[in-house]
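K.L.:
Whole structure, please, built from the sequences with the hints as guidance.
When we follow this note's numbering, the leftmost residue of the sequence shown carries the number 13, and every step to the right adds one.
Because the hints were derived from the structure by calculation, they are not lab data. One or more hints might be untrue.
Quick list of the computed label-pair ranges, beta carbon to beta carbon [claimed, not checked]:
1) D148 x T88: 25 to 31 Å
2) S261 x R495: 30 to 36 Å
3) E549 x D192: 42 to 48 Å
4) I199 x E549: 43 to 49 Å
5) D192 x L333: 38 to 44 Å
6) D192 x E66: 24 to 30 Å
7) W186 x E549: 49 to 55 Å
Remember, it's a predicted structure, so these values are computed and weren't measured experimentally. Note that the Cβ used here is the ideal one computed from N, Cα and C, for glycine as well.
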Amino acid sequence: MSSEQSAPGASPRAPRPGTQKSSGAVTKKGERAAKEKPATVLPPVGEEEPKSPEEYQCTGVLEIDFAELCTRWGYTDFPKVVNRPRPHPPFVPSASLSEKATLDDPRLSGSCSLNSLESKYVFFRPTIQVELEQEDSKSVKEIYIRGWKVEERILGIFSKCLPPLTQLQAINFWKVGLTDKTLTTFIELLPLCSSTLRKVSLEGNPLPEQSYHKLMALDSTIAHLSLRNNNIDDRGAQLLGQALSTLHSCNRTLVSLNLGFNHIGDEGAGYIADGLRLNRSLLWLSLAHNRIQDKGALKLAEVLRAFELTHTEVVERRRLLLEKGTQERSRSPSSSRHGDSKTDREKSQMVGISNSALVDKTDKTQTMKTPKGLGKKKEKSWDLAKKEEKSGSGQSPTQGTPKKEDATKAGKGKVTIPEQKPSRIKGIKIGSREKRSILPESEQLVEATEVINPLLEPVEHRDGKVFMPGNKVLLHLNLLRNRITEVGLEGFLATVQYQMQFSKAKSVSKGPVGLLWLSLAKNCFAPQCPAYAIIQELMLPRDPIKAKLREDEAMAFFP
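P.N.:
Right under this line is the structure:
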């Protein structure tokens, strides 16, 4: 009985053979189904397909646009756009704060060290520093990138997010690892930016080919260029000098050029001086902390006073004068001698008719009552007619007052006309912020749409040679910490004396005035050198900053 009872009790625990087969069949079918039909993986909720950067429309906010474009380009870690830190005023701790610091010194030491450690790491993290106009995120004024490499893709991102910045004025790259290829890409990016971008600074970026002159091309709009600490040697200076001016081309937009902390020697200084011969836009030049000696200093001093034109420059000047003469003859209404005589006869007849008409009119108007003002006007016209009969100018006296276009002719007849502002002269724009150089009087009277070629300036002939008055547009020259001795100093003394005589000889204070600031300190001569003392004495009244300080001091003592 016990064996029979135990059998039915053990039967439910033992597995059935049918069920074992059926379960095995089910697993085999599942494996075949898994092999036949691959499982479809659904994307996570909220995740979209990657978007292309070309489809993105920039908003004008650099922080948002740069982050979005970096994400679309596949960057997972990219620099952040932050406000440029400003220097804080010096902090003077009070007595109460110093007492609290001494009381909590053990606890403050740990927190301060941790904060300083974190701040150091944050400082070395790549960032894009910006300066805003009136704390508006859309009004980025200047961009500073320092200490991290700017690659080709980053410049491609900049080509998308920088053009919408309508108030961008300056871009500063300091040790960003530029190459000749990335510099070319950067130059292609500049025309896409806003027209307000006028300042570019590339410092600490030495290039093997020294192709910095491409930033000074004829179509460039850069007004302020800084190329400090780029290991520029004489070869690079030659390219920069040719970019300033040659016999057939000249840069007309660059106002300031900083070439400090480079390796420019005498030969390179000579190339820069050659560029200054025919350049009339550069106002500010720094060659501080270079390797310039007396030979290069004499070349720079020579172009700032009257210098002799070379044979090729004389030939080019004659060609320009002939071309100018043919243009003036083509503009005149009468080009033949017969036409001139015919117009002269017609003018003389018109003068006689107008004079007789005036006599008749004055006889009739003497019997009539006329206003005082009208009578004075007619008396003036009668006097004018008499003067023109004597002078034979041929202008009809019935016109009363000369026209604007005949202002120069009327000036010869001593007729008073209202003065015209220099900015009203046709074809010449004077007083722009970028070019503060004032054109000479001879250039103001020429109807032209661009600046006159310097070879057409008034020259002086001496001993069969042609001398130009020199570059009077350059106002600031910095030659601090070079290798100039008293020999080179004598050249600059002659230049300063010449410019002083030239400015005193000019009766009207219009046009360039020459150097206003000259720095020759920390060179290879003693500070007590007589030539250096005379230069300092002559330049003192010309320096506008020191003159302003003297005026302020005088006002403080004598209110």
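K.L.:
Hint by hint, say whether it matches the structure.
P.N.:
Comparing the hints with the structure gives:
1. D148 x T88: 25 to 31 Å: 30 Å, holds
2. S261 x R495: 30 to 36 Å: 32 Å, holds
3. E549 x D192: 42 to 48 Å: 47 Å, holds
4. I199 x E549: 43 to 49 Å: For I199 and E549 the Cβ distance comes to about 45 Å; the hint holds.
5. D192 x L333: 38 to 44 Å: 41 Å, holds
6. D192 x E66: 24 to 30 Å: The hint (24 to 30 Å, Cβ to Cβ) holds, given that D192 and E66 are roughly 27 Å apart.
7. W186 x E549: 49 to 55 Å: 39 Å, violated
Hint check: a violation occurs at hint 7 only; the rest are consistent with the structure.
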